[in-house]
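S.K.: Residue numbers (my numbering), protein chains in the order written: chain V, 1 to 257; chain C, 1 to 306.
Be a bit skeptical, because a hint or two may be false.
[Said to hold, decoys possible] Selected chain V positions facing chain C (in silico; Cβ < 8 Å):
hint : residue
1    : Lys-88
2    : Gly-90
3    : Asp-170
4    : Val-174
5    : Ile-178
[Said to hold, decoys possible] Cut-off 30 Å, straight-line C-alpha distance, at most; resulting in silico cross-link-like pairs (DSS-like, lysine-lysine):
hint : chain 1 : residue 1 : chain 2 : residue 2
6    : C       : Lys-28    : V       : Lys-11
7    : C       : Lys-141   : C       : Lys-93
8    : C       : Lys-28    : C       : Lys-93
9    : V       : Lys-11    : C       : Lys-93
10   : C       : Lys-249   : C       : Lys-220
11   : C       : Lys-21    : C       : Lys-266
12   : C       : Lys-118   : C       : Lys-10
13   : C       : Lys-288   : V       : Lys-88
14   : C       : Lys-28    : C       : Lys-118
15   : V       : Lys-88    : C       : Lys-141
16   : C       : Lys-141   : C       : Lys-220
17   : C       : Lys-220   : V       : Lys-88
18   : C       : Lys-288   : V       : Lys-167
19   : V       : Lys-88    : C       : Lys-28
20   : C       : Lys-131   : V       : Lys-11
21   : V       : Lys-88    : C       : Lys-266
22   : C       : Lys-93    : C       : Lys-118
23   : V       : Lys-11    : C       : Lys-141
24   : C       : Lys-93    : C       : Lys-21
25   : C       : Lys-131   : C       : Lys-141
26   : C       : Lys-74    : C       : Lys-110
27   : C       : Lys-249   : C       : Lys-266
28   : C       : Lys-118   : V       : Lys-11
29   : C       : Lys-93    : V       : Lys-167
30   : V       : Lys-88    : C       : Lys-249
31   : C       : Lys-131   : C       : Lys-74
32   : C       : Lys-110   : V       : Lys-11
33   : C       : Lys-21    : V       : Lys-88
34   : C       : Lys-118   : C       : Lys-141
35   : V       : Lys-167   : C       : Lys-266
[Claimed, not checked] Computed spacing ranges between beta-carbons, pair by pair:
hint : chain 1 : residue 1 : chain 2 : residue 2 : range
36   : V       : Asp-169   : C       : Lys-74    : 33 to 41 Å
37   : V       : Val-30    : C       : Lys-93    : 48 to 56 Å
38   : V       : Leu-46    : C       : Tyr-13    : 30 to 38 Å
39   : C       : Glu-176   : V       : Phe-89    : 33 to 41 Å
40   : C       : Gly-65    : V       : Arg-23    : 38 to 46 Å
Honestly, the hints are just simulated from the structure, not real lab data. C-beta atoms are modelled at their ideal positions from N, C-alpha and C, and glycine is treated no differently.
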Amino acid sequence: MNASVNWTGYKTIVRKEVVRILRIWAQTVVPPAITMTLYFIVFGNLIGRRIGEMGGFDYMQFIVPGLIMMSVITSSYGNMVSSFFGAKFGRHIEELLISPLPNWVILAGYVTGALARGMMVGAVVMVISLFFTRVEVQHPLVMVSVLLLTSIVFAMAGMVNAIFANKFDDIAIVPTFILTPLTYLGGVFYSISLLPDFWQKISAFNPILYMVNGFRYGILGVSDVPIAWAYAIILAFGVILASLCLWLLHRGIGMRS
Amino acid sequence: MNALEVNNLKKTYANGVQALKGISLNIKDGDFFAFLGPNGAGKSTLIGIISSLVNASSGEVKVFGTSVQTSRSKAMSHIGLVPQELNFNQFEKPLEIIVNQAGYYGIDRKTALHRAEKYLRQLQLWDQHDKISRMLSGGMKRRLMIARAMVNEPRLLILDEPTAGVDIEIRRSMWEFIREINENGTTVLLTTHYLEEAEELCRNIAIIDHGEIIQNTDMKTLLGSLDVETVILDVREPLSTAPQIDDMKLHLRDPFTLEVSLPKEKSLNALFSSLDNERISVLSMRNKANRLEELFLRLVDSGSTT
């Protein structure tokens, strides 16, 4: 297949995804904005005042990177899993499966769509945070790269979930029982230095800890983990998930008989 | 070059069902080909393999000389598929659906919009182009799938029961559209349960039953092999028994309806003359089934009894 066919196909998938996100904006962009506003008010403002400083920052400032990252992770994952599973359930994924597009273009198109929603939501939450506190971005390149890479990783994780899901219940299991606990325990609301040694060691196995701290380093310049480790973990998950997605698409699991 | 070559194709599903038992088939470029068979015979499995939605267990399918198994992308660029089940996003608008499909084939947006309008107009759907697809009638949804399949201007158009559930008027307009596409050079592979449709449109035919091709010939030869035609006669006066006429089988369906199996060499004049001798007055006459339907049932029945 020539590159122009792939490029047009890729743009078409991305455009379709973005149109979908904007068409159902009340489901895609508004809920995280409301949830994060509540987090800022309740945790940051009301409770945060009593907590005082964390990691050398005002508590409200400390949770800003974590809350942005949490909304980006949830939105990227949620977009991919709902859109891809919806296409599978409604059988319109067949439009792509019978087309000449190679699997990597299909994956790239859907991941970019999920990335677009992640970035939209991330930008909205960042703007909301400005109503509550002020932060100076310390390492813009680190902030942007960690955010983009994390969004891509969770978009691909969403595709794996969507491929194996057989009913709508199946796409709620992973976010409820795995993603949410790992995110809450991933240092969004606290520094792991507050934990006893044993729990610090356990926390080191949580990949979201590295993503949240990598992003926090980008914004505030502080991190509970070495930044190189954060990149290594994100990239490793990225490579593993990309390979898994391509293999699943190639085998047509859940899509081709 | 053949538009489609199927070589010793086998498919066994994970549940052990052997849907295709090594079928081979060639369809010439420009042909209008009927692929018929009873439910569960293997038609949709074959179409699924040609369109890469089903993985073959063994054998090979080539579309215009390109193997679906080894060069999927190139082979798919030649195909347009109208599946049996609705498979578009019912929350999108017809124009969006068609333009997006064009994009998947690498067609730029401007050309895609132009083609989408052209095919929606030809299929009398342009008035609906901006409505949510879920709101379209069943016939409109089927026509939308045809317009979508045409947007990449395929060399091989596969129609899997395209007129199922469509009223006769729309069905005939769809026939005209498909016939015109074929006259313009597109090879058409049609499966249908309306045998009148296949007889009307197709030049060549294959019949599949229990995963095996039981007939593969041209329509004229197949219809020529029909040695008996069955007609239904409505008579003026009630009959108590069916009359006996040489070389013909007459069966009384009810006192006013006679079913006659007429050998090919016998003329209708001979039948009417014999009925006249019996003082039976005929009010009207119709075919019990169309010719292809009679042959189809006979072939499938003989296949299931052997």
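S.K.: Against this structure, judge whether each hint is valid.
M.R.: Hints and how they fare:
For Lys-88(V), the interface hint is violated, since its Cβ never comes within 8 Å of a Cβ in chain C; the closest pair sits about 11 Å apart. Hint status for Gly-90(V) relative to chain C: holds, with the closest Cβ pair at about 6 Å, below 8 Å. Because the closest C-beta pair between Asp-170(V) and chain C is about 20 Å apart, greater than 8 Å, the hint is violated. At a threshold of 8 Å, the smallest CB-CB gap from Val-174(V) to chain C is about 24 Å, leaving the interface hint violated.
Violation of the interface hint for Ile-178(V) is found here, the shortest Cβ-Cβ separation to chain C being roughly 28 Å, above the 8 Å cut-off. Note on Lys-28(C) and Lys-11(V): the hinted pairing is violated, with a Cα-Cα distance of about 36 Å set against a maximum of 30 Å. About 11 Å separates the Cα atoms of Lys-141(C) and Lys-93(C), which keeps this hinted pair within 30 Å; it holds. Note on Lys-28(C) and Lys-93(C): the hinted pairing is violated, with a Cα-Cα distance of about 36 Å set against a maximum of 30 Å.
About 19 Å separates the Cα atoms of Lys-11(V) and Lys-93(C), which keeps this hinted pair within 30 Å; it holds. The hinted pair formed by Lys-249(C) and Lys-220(C) meets the criterion: a straight-line CA distance of about 26 Å does not exceed 30 Å. Between Lys-21(C) and Lys-266(C), the direct Cα distance comes to roughly 40 Å. Violation of the 30 Å bound is thereby established for this hinted pair. Under the criterion of a C-alpha separation no larger than 30 Å, the hint pairing Lys-118(C) with Lys-10(C) is inconsistent with the structure, at around 39 Å.
Taken as a hint, the Lys-288(C) and Lys-88(V) pair is broken in the structure, with Cα atoms around 44 Å apart against an allowance of 30 Å. For the hint linking Lys-28(C) to Lys-118(C), the alpha-carbon distance of about 27 Å falls within 30 Å, and the restraint holds. As the CA atoms of Lys-88(V) and Lys-141(C) are separated by approximately 19 Å, the hinted pair is consistent with the 30 Å bound. Between Lys-141(C) and Lys-220(C) the CA atoms are separated by roughly 33 Å; this puts the pair beyond 30 Å, and the hint is violated.
Annotation: proposed proximity of Lys-220(C) to Lys-88(V) is violated, straight-line Cα distance about 42 Å (limit 30 Å). A threshold of 30 Å between alpha carbons decides the hint, and for Lys-288(C) with Lys-167(V) the separation of about 47 Å lies outside it, so the pair is violated. The straight-line distance between the Cα atoms of Lys-88(V) and Lys-28(C) is roughly 34 Å, outside the 30 Å bound, and the hint therefore fails. Only pairs whose Cα atoms come within 30 Å are accepted, and Lys-131(C) paired with Lys-11(V) is accepted, the gap being roughly 24 Å.
At most 30 Å may separate the alpha-carbon atoms for a hinted pair to count; Lys-88(V) and Lys-266(C) exceed this at roughly 57 Å. Of the pairs offered as hints, the one joining Lys-93(C) and Lys-118(C) holds, with about 16 Å between alpha carbons and a cut-off of 30 Å not exceeded. For the given pair, Lys-11(V) sits about 26 Å from Lys-141(C) by alpha-carbon distance, which is consistent with the 30 Å threshold. For the given pair, Lys-93(C) sits about 41 Å from Lys-21(C) by alpha-carbon distance, which is inconsistent with the 30 Å threshold.
Using a Cα cut-off of 30 Å, the hinted pair Lys-131(C) and Lys-141(C) holds, with the two alpha carbons roughly 12 Å apart. Restraint check for Lys-74(C) and Lys-110(C): satisfied, since their Cα atoms lie roughly 23 Å apart, inside the 30 Å limit. Distance restraint check for Lys-249(C) and Lys-266(C): the Cα-Cα separation of roughly 12 Å lies within the 30 Å cut-off, and the hinted pair is therefore satisfied. Taking the CA atoms of Lys-118(C) and Lys-11(V), the gap is about 23 Å. The hint holds against a cut of 30 Å.
Using a Cα cut-off of 30 Å, the hinted pair Lys-93(C) and Lys-167(V) holds, with the two alpha carbons roughly 25 Å apart. Between Lys-88(V) and Lys-249(C), the direct Cα distance comes to roughly 54 Å. Violation of the 30 Å bound is thereby established for this hinted pair. Only pairs whose Cα atoms come within 30 Å are accepted, and Lys-131(C) paired with Lys-74(C) is rejected, the gap being roughly 33 Å. The suggested pairing of Lys-110(C) with Lys-11(V) holds, with an alpha-carbon distance near 14 Å, which does not exceed 30 Å.
The hinted pair formed by Lys-21(C) and Lys-88(V) meets the criterion: a straight-line CA distance of about 29 Å does not exceed 30 Å. For the proposed pair Lys-118(C) and Lys-141(C), the alpha carbon gap of about 17 Å is at most 30 Å, so the pair holds. With a CA separation close to 61 Å, the supplied pair Lys-167(V) and Lys-266(C) exceeds the 30 Å bound. For the pair Asp-169(V) and Lys-74(C), the supplied restraint of 33 to 41 Å holds, since their beta-carbon distance comes to about 39 Å.
For Val-30(V) and Lys-93(C), the Cβ-Cβ distance of about 23 Å falls outside the hinted range of 48 to 56 Å, so the restraint is violated. Under the hint 30 to 38 Å, the C-beta atoms of Leu-46(V) and Tyr-13(C), about 59 Å apart, miss the expected range. Against the hinted window of 33 to 41 Å, the Cβ-Cβ separation of Glu-176(C) and Phe-89(V) comes to about 35 Å, which satisfies the hint. Checked against the hint of 38 to 46 Å, the pair Gly-65(C) and Arg-23(V) passes, with Cβ atoms roughly 42 Å apart.
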